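**Q** For reference, the chains in residue letters:
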Amino acid sequence: MVSSETSLEQITAQIQQVRDEIGKIIVGQGDVVEGVLIALIAGGHVLLEGVPGLGKTTLLRTLGGALHLDYSRIQFTPDLMPADIIGSMILEADSIGSKRLRFEPGPIFAHLVLADEINRATPRTQSALLEAMQERTITSGTTTYPLEDPFLVMATQNPLEMEGTYPLPEAQLDRFLMKIVVDYPTKSELETIVERTMNFEQPSIEQVVNRDQILDIRRAAHEVLVAPHVQDFAIRLILATQPQQADAHELAKKYIRYGSSPRGAQALLQSGRVRALMRGRLNVSTGDIRALALSALRHRIILNFDAHAEGQTADQVLTPILDSLPDGE
Amino acid sequence: MGSNNQSARVVRSAVEGGRRRLLGQLAFRDALLAATVALAGPAVLLVAGTDYFPLALLWLFSVAGLAVAANHWLRSRPAPYRVAQQIDSSWDSDDQISTAYHFLNQDSDRESVLNQDSDQESERDSDQVLNQDRNKDAESQDWQQLQRRHASEVVASGDLREALPFKLPHISYALLSVTLLIALLFLVRYGTQPTLSLKAPLPQLILQALLGDKAQQELFIEENQPRPGDSDDAAPSLNDEKDAEPEESGDPEQIDPMESLPIASDVGDEFAMPEVEGLSAEDEFGDELASDEGLGDEEGGQGPGETEGDDPSEMNDPSSEWNKESEGLMDKLKEAFDNMMSKLNMDEQAEGKPSDQGEESESEQASDAPGKGQEAAGSEAGSEEGSQSESEGGQADAASDQISMEEGSSDPSEQKSETSISTAGTGEGSKELREAEQAEVMGELNELYQQRAEDITGEFMIETESADQTAHTPYAARQSGHLDRGAALSRDEIPIAYRAYIKEYFKQVRQETEK
Chain A
1 MVSSETSLEQ ITAQIQQVRD EIGKIIVGQG DVVEGVLIAL IAGGHVLLEG VPGLGKTTLL
61 RTLGGALHLD YSRIQFTPDL MPADIIGSMI LEADSIGSKR LRFEPGPIFA HLVLADEINR
121 ATPRTQSALL EAMQERTITS GTTTYPLEDP FLVMATQNPL EMEGTYPLPE AQLDRFLMKI
181 VVDYPTKSEL ETIVERTMNF EQPSIEQVVN RDQILDIRRA AHEVLVAPHV QDFAIRLILA
241 TQPQQADAHE LAKKYIRYGS SPRGAQALLQ SGRVRALMRG RLNVSTGDIR ALALSALRHR
301 IILNFDAHAE GQTADQVLTP ILDSLPDGE
Chain B
1001 MGSNNQSARV VRSAVEGGRR RLLGQLAFRD ALLAATVALA GPAVLLVAGT DYFPLALLWL
1061 FSVAGLAVAA NHWLRSRPAP YRVAQQIDSS WDSDDQISTA YHFLNQDSDR ESVLNQDSDQ
1121 ESERDSDQVL NQDRNKDAES QDWQQLQRRH ASEVVASGDL REALPFKLPH ISYALLSVTL
1181 LIALLFLVRY GTQPTLSLKA PLPQLILQAL LGDKAQQELF IEENQPRPGD SDDAAPSLND
1241 EKDAEPEESG DPEQIDPMES LPIASDVGDE FAMPEVEGLS AEDEFGDELA SDEGLGDEEG
1301 GQGPGETEGD DPSEMNDPSS EWNKESEGLM DKLKEAFDNM MSKLNMDEQA EGKPSDQGEE
1361 SESEQASDAP GKGQEAAGSE AGSEEGSQSE SEGGQADAAS DQISMEEGSS DPSEQKSETS
1421 ISTAGTGEGS KELREAEQAE VMGELNELYQ QRAEDITGEF MIETESADQT AHTPYAARQS
1481 GHLDRGAALS RDEIPIAYRA YIKEYFKQVR QETEK
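If you're matching them up, the sequences are chains A and B in order.
Just so it is clear: in the first sequence, position 310 is 310 by the numbering used here, and no numbers are missing.
Just so it is clear: in the second sequence, position 510 is 1510 by the numbering used here, and no numbers are missing.
Honestly, the hints are just simulated from the structure, not real lab data.
A few of these clues could be false.
Unchecked claim - Short, incomplete list of chain B residues facing chain A, as computed with Cβ under 8 Å: (1) SER1089; (2) SER1140; (3) GLN1147.
Unchecked claim - Some chain A residues flagged as far from chain B (calculated, every beta-carbon gap over 12 Å): (4) HIS222; (5) ARG281; (6) LEU282.
Claimed, not checked - If you only want the chain A side, here are some residues facing chain B, beta carbon under 7 Å, derived: (7) GLU223; (8) PRO243; (9) ASN283; (10) SER285; (11) LEU325; (12) PRO326; (13) GLY328.
Fair warning: this is a prediction, and the values are worked out from it, not measured in the lab.
The beta-carbon is built from N, C-alpha and C at its ideal position, and this holds for glycine as well.
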């Protein structure tokens, strides 16, 4: 039970420990690391997008190593089948020779699931993750199996214009709490990466936080206060992205076909709570919402043909909308 | 528990203190608004006077100002939660104070509700539900108190004066403008009337002041009209030739223009010239100046007397008194001067007519341009009259003067006999010579007209002296333009580049004629 300032300090210290462990392997990418941790604590899933070689897989693997949790990795390929993810019924013979079907759990049964290059699998396989991500259960045949908390799907994907990719269905995209764009490292970061690569000894990752601690942190995050004007700000932001709304922004009316769903507002406030907690605050600010808006909303809006024709991206549409909103009511 | 209460008190006092500060600023802003509206009353009264609006208008505007300000103040009062957000925004404190203040009030409300429920439902055996609510609240109580403590630390580390600094409201500029307007109106109103009466409207006072000054000026002119014999003490004349001219001419019939000044002003309409004649009079005057000093000296503000070495301040001693009275005097004198000039024109015509009645036909032909008429008069009247025409007309330059002198130097009797008869039958060479002279003169005129066509700015003094009077007329036209730009000018336009050629051509023609 986290109920005192000491507990708050412990929480922030634990989160910082995880970040430090990740920092042993991953150079820079502070926002990406923070986004992944926010998704873990908030109970969501995270989608990392970037060109190959930017350390997406390494980051998630390092996170799995820093947390004392079950970790599995699924490499998505075009011939991957849903059973390869969720598991399948196998025929098993017991000691007396009688045979029966037994469910063999797939790699989805873990606390941390790394779905690498998720958009290389067919939509059918991708959809196999839907139930797990939303309901946190797996149904095989007539039996439904619950997934243990914390359950985090960390997916990576290459940009859609690359060859051999299948765009994720909108329903599945909406189930990701955040979509984080992994950018190229800076010059100094790149120098550090190269220096570490040249060293013979690779740093070892220690497991600094266990499952119970993560659940405590998650529980504490739920207690972070959200003032009415902050909540109102998040709602106004969601409404501004919906072109059919009267309060919609001009750019939303021009470029957005479908605005953010209510899950967007939930994601903003949930991730905002964790972000505040990571900074030792017990209240969400409009600054938190602003900082997380792009990550939480860029995969929830669907641009129309005009936007694609004019080369507009979701970030280019969302940024002016975000800037036009005042903090207060 | 004590620290929680203390942090709650700190947060609450900070928000309420900030709100008081904001309300004070809003009250100051609305007080300025009320003052601005109230000051509009005196402004209206200063303009319209109490003849049109009663003094109660002041009360009306004051009450209206108070009402507007009170309404504005009541409407713009910020809620405490809004003030907390403003403090957060100023301090960049991540909404900690506003969040703490919100949940502080929520806690107090919830506690009162829970206490009421416990009183009412304790008898209904619903303690279990109540305890569940209390336990649920107790879980979040710790976090809220902790957050409140953080907010109180933020409050303690900041200064409300920095969070909500005093800003001069924009309405203060409006108030300043209205105040300046009232001061200006006050100065204008009580600068134009001797008493502190607020009755008459300001436009009427201004008109009265202007018309009253004009009447005084008329009286002043009549009283200070220079009498005959006083002209010896007057300022020097425009030029020495003109000074001597009336005496030398000794024409008993010549009318002193300055004597006719009051008459001319009285019967100004009778002598009012049409626009073309007025221009010719101006041209005569302008040619006088052009022949003496040129137009540039006029624009330089140097009067004719000044070129002769006289101190302009001495010359302006009598006129400085006029200037102090009003500028309306200038208008009146300008009108008198126009009449005087028209009178002079009439005198010239009157002098030319009886001298040679047989020249009517020729003078009519030449009457289109004043230069032609003067040239004709000069050729008819001989050398003496030629010099007079030169001095009076004045528009002919040195070249034209030479021509007229050449004509004047010839035998007057022969010329008179030549000009008294019809020009039909005269030699071809003399005709061409005359045309050449006319063309040359008109070319000069054209040049003069072009100069006159330029806008003239500035002020200059016109001094006209006759035998016994001198009038100093400050010429008040700030801008003038030559209005006659029609065929009379275009007819005689000779491009400057061709003038030398034409002059040479006619010189050859003249030589051939002489041969």
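**Q** All hints, please: hold or fail.
**A** Checked hints:
1. With its C-beta approaching chain A no nearer than about 7 Å, SER1089 (chain B) sits inside the 8 Å limit, and its interface hint holds.
2. The restraint placing SER1140 (chain B) at the interface with chain A holds, with a minimum CB-CB distance near 6 Å, inside the 8 Å limit.
3. The interface hint given for GLN1147 (chain B) is met, as the beta carbon of that residue sits about 4 Å from the closest beta carbon of chain A, less than 8 Å.
4. Not every CB of chain B lies more than 12 Å from the CB of HIS222 (chain A), the least distance being 9 Å, so the non-interface label is violated.
5. At the 12 Å boundary, the C-beta of ARG281 (chain A) falls inside the reach of chain B, the nearest C-beta of that chain being 6 Å off.
6. Not every beta carbon of chain B lies more than 12 Å from that of LEU282 (chain A), the smallest distance being close to 4 Å; the non-interface claim is violated.
7. With its C-beta approaching chain B no nearer than about 4 Å, GLU223 (chain A) sits inside the 7 Å limit, and its interface hint holds.
8. At a threshold of 7 Å, the smallest CB-CB gap from PRO243 (chain A) to chain B is about 29 Å, leaving the interface hint violated.
9. For ASN283 (chain A), the interface hint holds, since its Cβ comes within 7 Å of a Cβ in chain B; the closest pair sits about 4 Å apart.
10. The closest approach between the C-beta of SER285 (chain A) and any C-beta of chain B is roughly 4 Å, which is under the 7 Å cut-off, so the hint is satisfied.
11. About 14 Å separates the beta-carbon of LEU325 (chain A) from the nearest beta-carbon of chain B, more than 7 Å, and the hint is not met.
12. Interface restraint check: PRO326 (chain A) against chain B, minimum CB-CB distance 10 Å, threshold 7 Å, status violated.
13. Evaluation of the GLY328 (chain A) hint against chain B yields a held restraint, the C-beta minimum of about 5 Å falling below 7 Å.
The structure does not agree with the numbered hints 4, 5, 6, 8, 11, 12 stated previously, though it agrees with the rest.
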